[in-house]
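One line per chain: the protein sequences are A, B and C, in this order.
No gaps in the numbering here: position 207 of the first sequence is 207 in the numbering used here, and each next residue is one more.
No gaps in the numbering here: position 112 of the second sequence is 112 in the numbering used here, and each next residue is one more.
No gaps in the numbering here: position 224 of the third sequence is 224 in the numbering used here, and each next residue is one more.
It is worth saying that the hints were derived from the structure and are not from the lab.
None of these values were measured; they are calculated from a predicted model.
We treat Cβ as the ideally placed atom computed from N, Cα and C, and that holds for glycine.
Once the Cα atoms are required to be at most 35 Å apart in a straight line, the calculated DSBU-like pairs of lysine-lysine come out as:
{"id": "1", "chain 1": "B", "residue 1": "Lys12", "chain 2": "B", "residue 2": "Lys64"}
{"id": "2", "chain 1": "C", "residue 1": "Lys275", "chain 2": "A", "residue 2": "Lys6"}
{"id": "3", "chain 1": "B", "residue 1": "Lys231", "chain 2": "B", "residue 2": "Lys22"}
{"id": "4", "chain 1": "B", "residue 1": "Lys127", "chain 2": "A", "residue 2": "Lys151"}
{"id": "5", "chain 1": "B", "residue 1": "Lys108", "chain 2": "A", "residue 2": "Lys151"}
{"id": "6", "chain 1": "B", "residue 1": "Lys231", "chain 2": "B", "residue 2": "Lys361"}
{"id": "7", "chain 1": "B", "residue 1": "Lys251", "chain 2": "B", "residue 2": "Lys281"}
{"id": "8", "chain 1": "A", "residue 1": "Lys93", "chain 2": "B", "residue 2": "Lys22"}
{"id": "9", "chain 1": "A", "residue 1": "Lys151", "chain 2": "B", "residue 2": "Lys158"}
{"id": "10", "chain 1": "B", "residue 1": "Lys295", "chain 2": "B", "residue 2": "Lys361"}
{"id": "11", "chain 1": "A", "residue 1": "Lys151", "chain 2": "B", "residue 2": "Lys112"}
Output of the computed footprint for chain A on chain C, the stretches with three or more beta carbons under 8 Å from beta carbons of chain A:
{"id": "12", "stretch": "6-13"}
{"id": "13", "stretch": "86-92"}
{"id": "14", "stretch": "119-127"}
{"id": "15", "stretch": "213-227"}
{"id": "16", "stretch": "245-255"}
Counterexamples of contact, computed for chain B against chain A with all Cβ distances above 10 Å:
{"id": "17", "residue": "Lys182"}
{"id": "18", "residue": "Arg208"}
{"id": "19", "residue": "Thr222"}
{"id": "20", "residue": "Tyr227"}
{"id": "21", "residue": "Glu228"}
{"id": "22", "residue": "Glu262"}
{"id": "23", "residue": "Lys270"}
{"id": "24", "residue": "Val311"}
{"id": "25", "residue": "Phe339"}
{"id": "26", "residue": "Ile366"}
{"id": "27", "residue": "Asp369"}
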Amino acid sequence: MVNALKYLYVGAVYLVLYAPLLVTICFSFNDSVSADAWFGFTVKWYERLFADKSLINSALRSLFLAASTATTSTVVGTIIAIALHRYRFIGQKVVYGSLSVIMLSPEIIQGISLVMIFVILGIPLGFSTLLLSHTVFCFPFVTITVLVRLKGVNRNLAEAGADLGASDVDIVRFILIPLILPAVFAGWLISFTLSIDDVIISFFVGGKNYEILPMKIYSMVRTGIQPDVNALCAALFFATFAVVMLSYRLVRNRK
Amino acid sequence: MEKPPVPLLELKSVTKFFGANKVLDDVDLTVNDGEFLTLLGPSGCGKTTLLRLIAGFERPTTGKVIMNGKEISYLSPNRRAVNMVFQQYALFPHMTVFDNVAFGLKMKGVPKEEIEVEVFSALEKVKMNKFSLRFPAELSSGQQQRVAMARAFINNPKILLLDEPLSALDYRLRQEMQIELKELQRDLGMTFVYVTHDQEEALAMSDRVAVLNEGMIEQVGTPIQIYEEPKNMFVAKFVGEINVFDGMVIKVGDDDFDTIVEGMFYRLRKPSSFEVVRGSKIKVLLRPEDMVVSKVNDPEAEAPENALRGVISFLVYKGRTIDLWIQTAGGNMVMATQFFNEDDPDIIYEVNDVVNVSWIKDWEVILPDA
Amino acid sequence: MLKTADNFCRQAVLYFIFIWFGVMVFAPNLLVLLASFLSQDPVWYLRLPLNLENYAALSDPKLLTVILKSLNLAVCTTLFCLVVAYPFTYFIARFARERRALFLMLIIVPFWTNSLIRNYALISILSENGILNTFLMKHGWISEPLKVLYTNAAVFAGMTYTLLPFMILPLYATLEKLDLSLLEAAEDLGAGPMAAFFRVVVPISAPGIVAGCIMVFLPALTLFYVSDILGGADSAVLGSVIRDQFMIVKDWPVGAAINVALTVFMLFLLHLYYKSGNSVDQEQPIW
Numbered sequence: 001m002v003n004a005l006k007y008l009y010v011g012a013v014y015l016v017l018y019a020p021l022l023v024t025i026c027f028s029f030n031d032s033v034s035a036d037a038w039f040g041f042t043v044k045w046y047e048r049l050f051a052d053k054s055l056i057n058s059a060l061r062s063l064f065l066a067a068s069t070a071t072t073s074t075v076v077g078t079i080i081a082i083a084l085h086r087y088r089f090i091g092q093k094v095v096y097g098s099l100s101v102i103m104l105s106p107e108i109i110q111g112i113s114l115v116m117i118f119v120i121l122g123i124p125l126g127f128s129t130l131l132l133s134h135t136v137f138c139f140p141f142v143t144i145t146v147l148v149r150l151k152g153v154n155r156n157l158a159e160a161g162a163d164l165g166a167s168d169v170d171i172v173r174f175i176l177i178p179l180i181l182p183a184v185f186a187g188w189l190i191s192f193t194l195s196i197d198d199v200i201i202s203f204f205v206g207g208k209n210y211e212i213l214p215m216k217i218y219s220m221v222r223t224g225i226q227p228d229v230n231a232l233c234a235a236l237f238f239a240t241f242a243v244v245m246l247s248y249r250l251v252r253n254r255k
Numbered sequence: 001m002e003k004p005p006v007p008l009l010e011l012k013s014v015t016k017f018f019g020a021n022k023v024l025d026d027v028d029l030t031v032n033d034g035e036f037l038t039l040l041g042p043s044g045c046g047k048t049t050l051l052r053l054i055a056g057f058e059r060p061t062t063g064k065v066i067m068n069g070k071e072i073s074y075l076s077p078n079r080r081a082v083n084m085v086f087q088q089y090a091l092f093p094h095m096t097v098f099d100n101v102a103f104g105l106k107m108k109g110v111p112k113e114e115i116e117v118e119v120f121s122a123l124e125k126v127k128m129n130k131f132s133l134r135f136p137a138e139l140s141s142g143q144q145q146r147v148a149m150a151r152a153f154i155n156n157p158k159i160l161l162l163d164e165p166l167s168a169l170d171y172r173l174r175q176e177m178q179i180e181l182k183e184l185q186r187d188l189g190m191t192f193v194y195v196t197h198d199q200e201e202a203l204a205m206s207d208r209v210a211v212l213n214e215g216m217i218e219q220v221g222t223p224i225q226i227y228e229e230p231k232n233m234f235v236a237k238f239v240g241e242i243n244v245f246d247g248m249v250i251k252v253g254d255d256d257f258d259t260i261v262e263g264m265f266y267r268l269r270k271p272s273s274f275e276v277v278r279g280s281k282i283k284v285l286l287r288p289e290d291m292v293v294s295k296v297n298d299p300e301a302e303a304p305e306n307a308l309r310g311v312i313s314f315l316v317y318k319g320r321t322i323d324l325w326i327q328t329a330g331g332n333m334v335m336a337t338q339f340f341n342e343d344d345p346d347i348i349y350e351v352n353d354v355v356n357v358s359w360i361k362d363w364e365v366i367l368p369d370a
Numbered sequence: 001m002l003k004t005a006d007n008f009c010r011q012a013v014l015y016f017i018f019i020w021f022g023v024m025v026f027a028p029n030l031l032v033l034l035a036s037f038l039s040q041d042p043v044w045y046l047r048l049p050l051n052l053e054n055y056a057a058l059s060d061p062k063l064l065t066v067i068l069k070s071l072n073l074a075v076c077t078t079l080f081c082l083v084v085a086y087p088f089t090y091f092i093a094r095f096a097r098e099r100r101a102l103f104l105m106l107i108i109v110p111f112w113t114n115s116l117i118r119n120y121a122l123i124s125i126l127s128e129n130g131i132l133n134t135f136l137m138k139h140g141w142i143s144e145p146l147k148v149l150y151t152n153a154a155v156f157a158g159m160t161y162t163l164l165p166f167m168i169l170p171l172y173a174t175l176e177k178l179d180l181s182l183l184e185a186a187e188d189l190g191a192g193p194m195a196a197f198f199r200v201v202v203p204i205s206a207p208g209i210v211a212g213c214i215m216v217f218l219p220a221l222t223l224f225y226v227s228d229i230l231g232g233a234d235s236a237v238l239g240s241v242i243r244d245q246f247m248i249v250k251d252w253p254v255g256a257a258i259n260v261a262l263t264v265f266m267l268f269l270l271h272l273y274y275k276s277g278n279s280v281d282q283e284q285p286i287w
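Generate the whole structure from the sequences, applying the supplied hints.
Structure follows, in structure tokens:
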């Protein structure tokens with residue numbers, strides 16, 4: 001009885017978390033412009049979607065940005081994690097502290113400070129500013145994930161490597177990186193997720209030249225969103241889901 | 001037959017601080033080519049730090065590490081011709097046994113075909129060639145230990161360092177591995193520096209033992225020297241069980257001296273290690289197995305010369321031997337190990353038996369009373 | 001001697017870290033701090049002289065009303081998220097190991113659809129003829145549709161929905177590590193299940209509670225798009241004000257001043273977090 005209530009509660013929370021997603025997917029097949037009631041199954045919104053170059057393009061830009069962000073923040077975050085783990089240097093405490101501050105900062109604080117520096121330095125807003133800004137708010141998550149894993153790695157392993165003739169670079173390449181690979185992958189995934197989900201930072205540093213999906217939709221909200229946007233979101237969701245599951249499988253099998 | 005020892009590695013007045021904490025205090029030690037040297041001591045005595053200094057994981061605060069006449073104090077671990085077997089083995093969990101053992105050769109840039117031959121020959125030596133494709137997690141701790149050995153000695157180091165390699169194994173396996181390790185060392189003709197806190201292991205395997213305490217070397221010598229002729233109380237008490245008697249010197253002769261121990265008069269041979277002075281206090285040390293115990297049938301009779309009278313307060317039966325704890329008239333607790341003698345019915349001891357305790361003459365160790 | 005290649009590598013990595021943090025983390029925030037003391041300029045956005053007037057603007061009664069309303073909303077959102085998330089996370093953290101990973105993944109999956117879109121989808125749930133009202137009326141629980149959409153209630157719903165995972169994840173990090181034998185020990189020592197829960201589980205998960213509250217509270221002040229999409233005319237949050245100062249009024253110094261105030265407030269909360277965390281586990285990552 002108690003157990004049943006437990007599952008009921010957990011299920012209810014998941015229902016709430018997934019409701020908007022389900023609604024989006026359902027209405028992407030709904031044969032009506034209004035999002036109030038069900039008028040029958042159709043795929044016409046998907047047809048319209050694939051005819052709409054600007055919508056598709058902004059979606060592709062979002063995906064490309066998320067993948068690039070995930071990759072750069074994984075590289076940056078992992079380097080910083082390994083350095084924090086292996087080296088002792090001045091300012092190490094400050095770096096540690098900054099990581100949690102960045103993770104906790106509301107996006108608006110980061111968005112505004114970054115757009116100010118870009119404007120002052122005369123860097124045109126676009127893909128590069130988006131990539132840099134997204135990397136700034138994503139890399140601490142990679143660093144923390146990798147650091148936790150590094151702490152679990154026996155310190156003797158690096159010493160064993162050195163003892164067997166490996167240089168620092170060899171130790172990182174042959175011992176540390178293979179051991180932390182699952183955490184690195186998890187970090188990539190977190191960064192991808194954060195980047196895809198972001199609205200506020202992109203709002204400030206995006207600019208008109210490189211319009212990604214949330215900005216495109218934001219500009220459409222007041223005029224009313226057509227069901228082909230639902231179709232796009234549903235399609236994106238399934239595509240992301242498939243890619244993530246596939247890569248998860250690949251990483252698992254490699255182990 | 002005996003060749004004169006050739007020094008391979010020398011530590012010259014090495015001192016090591018961790019912060020304000022002095023871990024090694026002015027250590028001088030020579031490791032000879034081809035020997036099995038054990039660093040023995042309680043935990044925290046600095047033996048592992050000493051090993052890590054030789055490996056290159058630590059640098060001496062002052063002093064020098066010299067190998068083959070060249071100073072290597074500041075050479076990094078990957079440039080030293082020494083390899084280490086770590087306490088928890090530190091096998092790379094993401095590599096197979098083969099890749100683990102091949103790692104050192106790969107770092108040296110040895111060609112692939114050659115690596116394969118070498119790895120299998122090394123695995124052969126530790127009887128692990130059937131397991132080359134397994135991962136460390138799929139091996140028992142004994143098997144992991146063998147792989148760790150092979151991974152280290154395949155690089156043909158001048159010195160193989162072993163940091164308590166048997167401590168993770170159970171008692172039985174540890175006994176077997178002691179013999180195997182010793183045989184392997186003879187086979188390879190390699191110099192081993194072995195760290196342990198287990199004195200039995202140290203005595204069983206080593207050519208020489210260095211006993212460490214609080215960062216200082218107390219004594220270096222063969223296992224027999226360490227056990228039979230301990231230089232000080234620490235070594236005497238740390239290595240094996242020992243009975244300690246207080247004595248007072250009353251007369252000094254040419255070769256021997258007279259002393260009173262537990263109210264009894266003894267004439268003992270003069271020790272070579274220090275000058276016995278009349279009126280000074282000394283310690284008389286005796287191993288339990290050097291004690292002679294005889295049952296007293298008539299408690300009223302006087303104890304014979306050179307024997308102490310006592311009562312058995314408890315005994316521990318150990319199969320081949322029996323350990324007796326005897327409370328002497330002087331109030332001391334004496335431990336005596338007796339071997340069973342099938343022909344001697346007297347050997348059946350019981351608690352509260354009255355016994356005479358003496359020792360085999362000249363087997364005592366005399367130390368000054370600090 | 002140290003090997004030069006490894007030494008070079010170390011130097012390069014450290015320089016990279018210093019430059020990265022200096023340019024991307026410290027410089028922008030210092031610029032905001034500096035800007036908050038400068039004056040507005042129609043062309044260059046900022047100019048001398050230095051002054052404190054931007055901070056004085058914070059006491060503007062109109063701004064204060066918005067801030068107070070926004071704080072009220074953020075507090076409600078945080079408390080509600082905590083109440084909903086705590087039992088949920090506690091149950092999940094007690095599941096079998098493999099199932100736990102799956103359930104955790106299921107919390108992250110909705111993020112792959114942009115939160116703007118998910119909030120937009122809430123419109124069709126909350127609107128007058130939306131799914132919620134249809135459902136409630138069908139069962140006869142209400143007689144006429146609730147007016148939720150374009151009110152503060154809808155903003156509250158949107159905030160709660162958007163930020164719930166940010167409460168769940170830090171809570172999960174602490175609750176997952178909770179040693180069940182502690183509960184057993186407490187019960188063995190005579191504590192009832194409720195007492196054991198409130199005296200053992202809750203104090204141990206305190207760092208997770210504080211981290212979760214910070215991660216919900218601050219965004220709840222600033223997620224302007226939620227109030228844009230779901231709120232009415234007077235549903236602006238603090239974030240909307242900051243955005244307007246930058247994008248519409250183009251008064252960077254005042255916007256920066258509000259930003260600095262928010263940052264100081266955040267650092268204060270962070271200080272509380274470390275105080276709560278240090279007593280239990282120093283290494284506890286923030287999420």
